[in-house]
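Chains A and B, in that order, are what the protein sequence lines are.
When the count follows the working numbering, it moves up by one through the first sequence with no breaks and lands on 279 for the last residue.
When the count follows the working numbering, it moves up by one through the second sequence with no breaks and lands on 825 for the last residue.
Hints were generated in silico from the structure; no laboratory data involved.
Remember, it's a predicted structure, so these values are computed and weren't measured experimentally.
Virtual Cβ for every residue (Gly too), placed ideally from N, Cα, C.
Hints are supplied without guarantee of correctness; some may be wrong.
Listed next, the in silico PhoX-like pairs over lysine-lysine satisfying Cα-Cα at most 25 Å (straight line) [said to hold, decoys possible]: (1) B:Lys741 to B:Lys763; (2) A:Lys264 to B:Lys804; (3) A:Lys279 to B:Lys741; (4) B:Lys808 to B:Lys819; (5) B:Lys808 to B:Lys821; (6) A:Lys36 to B:Lys808; (7) A:Lys75 to B:Lys804; (8) B:Lys821 to A:Lys279; (9) A:Lys75 to B:Lys741; (10) A:Lys69 to B:Lys820.
Cβ-Cβ distance ranges computed for the label pairs, FRET-style [as the list claims (entries may be wrong)]: (11) A:Gly260 to B:Asp381: 17 to 27 Å; (12) B:Asp650 to A:Leu102: 31 to 41 Å; (13) B:Gln508 to A:Arg156: 39 to 49 Å.
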Amino acid sequence: MRIYPAKPHTVYCYGTCLVDMFDPEAGLDAIHLLELQGLKVIFIEKQTCCGQPAYSSGYTNEAKRVAASQMALFTEPWPVIVLSGSCGGMMHHHYRRMFQGDNIQSHVEQFCDRVFELTEFLVNVCRIKLEDKGDLTSVVMHTSCAARREMNVHVTATQLLNQLCNVALQEHAYESECCGFGGTFAVRHPAISQAMVEDKTHHLLETKSVALVSADWGCLLNINGALEYQGQSMKGRHLASFLLERIGGK
Amino acid sequence: MSHSSAGPEHFHAQARSALGDPQLRQNFRGAMDYLQDKRKSAFFDPVEEAQLRDLSAAIRQRCLSKLPQLLEQLEANCTRNGIEVHWAENDKEANDIIASIAQRHNAKSIVKGKSMVSEEIELNHEMAKLGIECLESDMGEYIVQLDGDKPSHIIMPAIHKNKQEVSDTFALHLDDFEPTVDVDELIQTGRSHLRQKFHDADIGLSGVNFAVAETGTLCLVENEGNGRMCTTVPKVHIAITGIEKVVEFLADVPPLFNVLTRSATGQAVTTYFNMISSPRKNGELDGPLEVHLVLLDNGRSQAYQDEEMRKTLQCIRCGACMNHCPVYTRVGGHAYGTVYPGPIGQIISPHIMGLEKTKDLVTASSLCGACGEVCPVRIPIPEMLQRLRTHAKNPPKADIMPLKGQASGASTLESWVMKGFVLAATSPKIYHSATWSLSKLNAFMPNHIGPWTQCRTSPKPADKTLHQLIKIRHKKKSDKP
Numbered sequence: 030m031r032i033y034p035a036k037p038h039t040v041y042c043y044g045t046c047l048v049d050m051f052d053p054e055a056g057l058d059a060i061h062l063l064e065l066q067g068l069k070v071i072f073i074e075k076q077t078c079c080g081q082p083a084y085s086s087g088y089t090n091e092a093k094r095v096a097a098s099q100m101a102l103f104t105e106p107w108p109v110i111v112l113s114g115s116c117g118g119m120m121h122h123h124y125r126r127m128f129q130g131d132n133i134q135s136h137v138e139q140f141c142d143r144v145f146e147l148t149e150f151l152v153n154v155c156r157i158k159l160e161d162k163g164d165l166t167s168v169v170m171h172t173s174c175a176a177r178r179e180m181n182v183h184v185t186a187t188q189l190l191n192q193l194c195n196v197a198l199q200e201h202a203y204e205s206e207c208c209g210f211g212g213t214f215a216v217r218h219p220a221i222s223q224a225m226v227e228d229k230t231h232h233l234l235e236t237k238s239v240a241l242v243s244a245d246w247g248c249l250l251n252i253n254g255a256l257e258y259q260g261q262s263m264k265g266r267h268l269a270s271f272l273l274e275r276i277g278g279k
Numbered sequence: 345m346s347h348s349s350a351g352p353e354h355f356h357a358q359a360r361s362a363l364g365d366p367q368l369r370q371n372f373r374g375a376m377d378y379l380q381d382k383r384k385s386a387f388f389d390p391v392e393e394a395q396l397r398d399l400s401a402a403i404r405q406r407c408l409s410k411l412p413q414l415l416e417q418l419e420a421n422c423t424r425n426g427i428e429v430h431w432a433e434n435d436k437e438a439n440d441i442i443a444s445i446a447q448r449h450n451a452k453s454i455v456k457g458k459s460m461v462s463e464e465i466e467l468n469h470e471m472a473k474l475g476i477e478c479l480e481s482d483m484g485e486y487i488v489q490l491d492g493d494k495p496s497h498i499i500m501p502a503i504h505k506n507k508q509e510v511s512d513t514f515a516l517h518l519d520d521f522e523p524t525v526d527v528d529e530l531i532q533t534g535r536s537h538l539r540q541k542f543h544d545a546d547i548g549l550s551g552v553n554f555a556v557a558e559t560g561t562l563c564l565v566e567n568e569g570n571g572r573m574c575t576t577v578p579k580v581h582i583a584i585t586g587i588e589k590v591v592e593f594l595a596d597v598p599p600l601f602n603v604l605t606r607s608a609t610g611q612a613v614t615t616y617f618n619m620i621s622s623p624r625k626n627g628e629l630d631g632p633l634e635v636h637l638v639l640l641d642n643g644r645s646q647a648y649q650d651e652e653m654r655k656t657l658q659c660i661r662c663g664a665c666m667n668h669c670p671v672y673t674r675v676g677g678h679a680y681g682t683v684y685p686g687p688i689g690q691i692i693s694p695h696i697m698g699l700e701k702t703k704d705l706v707t708a709s710s711l712c713g714a715c716g717e718v719c720p721v722r723i724p725i726p727e728m729l730q731r732l733r734t735h736a737k738n739p740p741k742a743d744i745m746p747l748k749g750q751a752s753g754a755s756t757l758e759s760w761v762m763k764g765f766v767l768a769a770t771s772p773k774i775y776h777s778a779t780w781s782l783s784k785l786n787a788f789m790p791n792h793i794g795p796w797t798q799c800r801t802s803p804k805p806a807d808k809t810l811h812q813l814i815k816i817r818h819k820k821k822s823d824k825p
């Protein structure tokens, strides 16, 4: 179990490259959510990508160079809030692994300790209380495998949705099963990835939920692409945008 | 129908063919759901589950940490008990050892209890060349053998077939079989065909689940009783095992047995648990007159050399990683083209067969972590896969023993793509101009981008990046009076 610090006055926001390119509004919404908690949010202009694509493809040295460049940007001892469980897992766990035995190991570990995924930070550090101002609706959530198994933040994401009194959170079949993205896995093994994402969309649609949310844009890129290909009206959004909208912050 | 595959180097084609077989997909989904539920109900208390897995992992790590000494101790104690111990560096040596024992006894038939190691060395095939028949007596393996097929799972070899398909197999190969889909009747049919074979066989061959160094005892876990038949009825018993299966103490066995059966089939115990400690002694009425133990390396010491890779050898062959793997569930065991399929197969096969043949296997995982989540001895399979991917792409470092086939997955094009990625991700200017261009080119994004758009629309970058929106936001804030 992770021990959480007291609420700070300032945090860094790590948008992730996918949010940066595909859903920048979600980044602004997450920042807004954090600001509503009374926090000053710093977005470092020079941030890029956590390096996961290289790491999971076996290019560890390349990933280390990217990691080092990112860590160097967050010089103050403030928490780094990551808008994805998967990038959060990379920066919280895998940075640690990559630099094991390295002369900057202790420095890296201090950085890793400061990395939090958005929902875990909102729940466990901010102790957020959400007041639902929206109409009755139903929602189904997808959590990335890293969010679930590396960061254990499917729990906190669920807690946030459960705080919304007018939102019925639906469970779907095989909820803990991978959507088939896995970064380069989706292009290296397209046929298997296709089978996985088609099953995932089937199970999500089966719930007949009005909305689909996820706190991971990797999975959403995959699931949304498949839903749109199938001509479905369901479209996944980042959890931050959904939450902000429900509490009337948008 | 035979599902036999051509090898791991044909993984892509084999996976595609499996994905295109709706019956196979349905059989696997059903079987995996069943096994996942069984495991879940066997580990009903998560606290106890965590403790048992910690304990089992610790036992396996301790035993592996002294593997060379324990193997010597095992050999000494087995020998003292009257079990003859043989060492095999590779599959050929193992087959030669078994062949020489068989020839010494002028044996014509070997009846086998399930042994994945005998699959690994292709024993049946090699013995057939010498005119020795090997007959599988595990029901699943028997069905697979009738089909001229290979196991698709390490615990449940015929899990890819449903009862109708088993009935069809029997109808095709067994003379007096009245087609039925009654499972009990099917099993009874198989059993009655095997009965006489046990009696007539010259040699019984089995695997080993745990080899106890302290006492020189070979433990065999099974449900059908065929293992006991193979190890007691014929006058010669040959046990074959990978060198990693040795445990230090007899007391190490109960906790491992406990997590093995619960993880594999959700059972608290199996119907049979055999402990073989010697050949038949004077005055005893049954049991083999000779017991042999073949200890096989076949790439395991390569995994052993590297302290991180050594965790691969903690495996107790329960199959839980396969049962929970979304890739295995969809493509089945044959697609992998290896003796050990699924996640454990993806990390052990490179050591047995080399990375040249298995480099596609190590990428055939979304690294979802389901395998690591259920492994009873806590092998960090996703981390091992990531490590093996690194070995597939990079030449060895001076201080680390190279892996068989190291760097065979290196690709100039891919390494240039990665160089480009590093350049963009470490240089904000290049990153910003790249993301900026992507957002500007949104309207021109091609509708088809390789394999991605086989089942998805092409991803559409937003008009402005988060970086741009934040700049605008800052400007608005500072413009306010």
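Results of checking the hints against the structure:
| no. | hint | in the structure |
| --- | --- | --- |
| 1 | B:Lys741 to B:Lys763 | holds, 20 Å |
| 2 | A:Lys264 to B:Lys804 | holds, 13 Å |
| 3 | A:Lys279 to B:Lys741 | violated, 53 Å |
| 4 | B:Lys808 to B:Lys819 | holds, 15 Å |
| 5 | B:Lys808 to B:Lys821 | holds, 18 Å |
| 6 | A:Lys36 to B:Lys808 | violated, 32 Å |
| 7 | A:Lys75 to B:Lys804 | holds, 23 Å |
| 8 | B:Lys821 to A:Lys279 | holds, 17 Å |
| 9 | A:Lys75 to B:Lys741 | violated, 33 Å |
| 10 | A:Lys69 to B:Lys820 | holds, 17 Å |
| 11 | A:Gly260 to B:Asp381: 17 to 27 Å | violated, 34 Å |
| 12 | B:Asp650 to A:Leu102: 31 to 41 Å | holds, 34 Å |
| 13 | B:Gln508 to A:Arg156: 39 to 49 Å | violated, 57 Å |
Hints 3, 6, 9, 11, 13, counting from the list given before, are not met by this structure.
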